[in-house]
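J.: Each chain, letter by letter, is given below.
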Amino acid sequence: MAVVHSSGRSRVVRRGGLWVVLLALTVVFLAPLLFMLSTSFKGTEEATTLPISWIPRQVEGSAYSTLLRSVNTPVFRWFGNSLVAGLANSALIVAVDAAAAYALARMQFRGKKVVTALVIGTIFVPGFVFLVPNFLIVGKLGWLDSLAAIIVPSAGGAFGVFFLRQFFLSLPKEFEESAALDGAGPWQTFFRIVLPNSRPALATLGVLSFLTNWNDFLWPVYVLFSPKHLTLPAGLSTLQGAATTNYPLIMAGAVVASVPVLVLFVIAQRQIVESVAQSGVKG
Amino acid sequence: MATQAPARVRSQLTPYAFLAPFGILFVCFVLGPAIYGVWLSLHDYDYLLPHQPWSGLDNYVNLFKGNSRDGADFWASMRATGIFTVLSVPFLVVIPLLVALLLNNRFPGRTFFRAVFFAPYVLGVAVVGVLFRFLLDPNIGLLNFYLDKLGISQNIPWTTQLPWAWISLVGMTVWWTLGFNAIIYLAGLQDISADLYEAAAIDGANARQQFFGVTLPGLRPVMLFVVTLTILASANMFGQSFLVTQGAPANETRTAIMYIADVGLAQNRQGAAAAMSYILAVILMVISLVNVRLVTRRDT
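Here the protein sequences line up with chains A and E, keeping their order. Numbering-wise (my numbering), the first sequence opens with residue 2 and increments by one. Numbering-wise (my numbering), the second sequence opens with residue 115 and increments by one.
Keep in mind the hints are simulated off the structure, nothing from the lab. Predicted, not measured: the structure shown is a model, and the values here were computed from it. Glycine included, each C-beta is placed from N, C-alpha and C at the ideal position. Be a bit skeptical, because a hint or two may be false.
Residues from chain A that face chain E, not an exhaustive set, calculated with beta carbons under 8 Å [stated by the list, open to error]:
1. Ala-104
2. Ala-106
3. Thr-123
4. Tyr-223
5. Leu-263
This is chain A alone, in the form it adopts within the complex (with noise of 0.2 Å):
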């Protein structure tokens, strides 16, 4: 008896000890989150006074408007740009790819072997050393200043390649063989049987794609100049430069540039969490 009541009592401190982590980290985790928000609904003049209030003590959208009318730091027009990069980016690496992928997965060619080492031999390679280069090479384009640097170069990265091909690789060949039977060719096949089969892997991709163009920091820190064509993250960062201890008005462009991913990752939660798990595992 004595035993049995010992060990359900220790069980109920081992409970409350997980519970008591549980919180002190998610008051971590999202204090600094809801801070950023708070004080994006600030005046200057009480975000950088103390005593610290969470609730303002004003609600003001002056950050907001400020940001909405400006010339310099247009956060909205930078909200467009990383938008209208995000999706062409991520659209342009799902097509491009999905028929790469499927060739080297299931189709037979001459030079296949070399090509699929190359490709994924390239994921090995840091991601810096080709910096340099193709900032040259993207000058050489007249890409320089334009939404077309954000776009297009990282769209030769072979992570996508590698990623779809596992998922064909994957997939049964009963659907594609018996289409082959009814007569269908390889991209009707394609179209039809594969990429249909295929959409939760596709919209993973996508996700992520559209994630990491989103985020992307440093290429459009130095590739983008003009006020007008900045996405967010580069604009975030002059934005730091030119309002200094403005805080209300950082932490709106921080808000504005939070939002929409942090409403993805709830959407997509599954299949973030799920990709970047099953990459420990698988590799």
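Position chain E against the provided structure of chain A, taking the given hints into account.
T.: Positioned in the frame of chain A, the structure of chain E alone reads:
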């Protein structure tokens, strides 16, 4: 016969047609640049000059001369990257493991907490950078405000003095990327067969013994993956220093990537910057290989 031949040629070309769109992008922005970068590093390449003379290995050799233009600064930035990696990796390997063990318990709302801990990672370094620059503000930041309440009332210069700048950079990186590593660990934990725990329990192993006897050995491949990935991520650090410390104090926290980007993309000395990036890449590849070797050797 005559009508069949073109069809067969067409079908032989089909795979290449599927590959072509990606192939063009791959050659232009991955394969081409990798080779072009080597060419750059062997020339005294300066975007602003009319001629780009061949310079052999000068760009590399110069980096090893203390009195050359980049020699001292480049290695100082490599040192900063090294310091950041050594300081951040242990925390980014151990704390996420503890969080994963916590999340591996059964309790209501588990998916919610998993999402909360992962959320900062989807934000990107620009948001996290400007946010922490604010939270760490010595005068009106959240952190010093609460430290003051706890009786630590010396306004700690989180972003402008050592060792505080390193503590800030490591701390914000842990906050930002902890969830990513935790999710990888969690998948690894769930991959360990429940039978092993049962067998250990029958043999009378307590929770501690089960952790060291079953959990850790079972996690070894996942842990190798996390360690390798984290070393590479930390060695690539750029945004945190760029936004939060701006390299301060006196370029102490200016990382290698910051320096390479500055030389190659702002100062337009692409030859020197390309040489630097190959040196860093080779060092990272060697570290990754050593890392893999160390762990696989222990297996045998």
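J.: Look at each hint and say if it fits the structure.
T.: Here is how each hint holds up against the structure:
no.	hint	verdict
1	Ala-104	holds (4 Å)
2	Ala-106	violated (10 Å)
3	Thr-123	holds (5 Å)
4	Tyr-223	holds (4 Å)
5	Leu-263	holds (7 Å)
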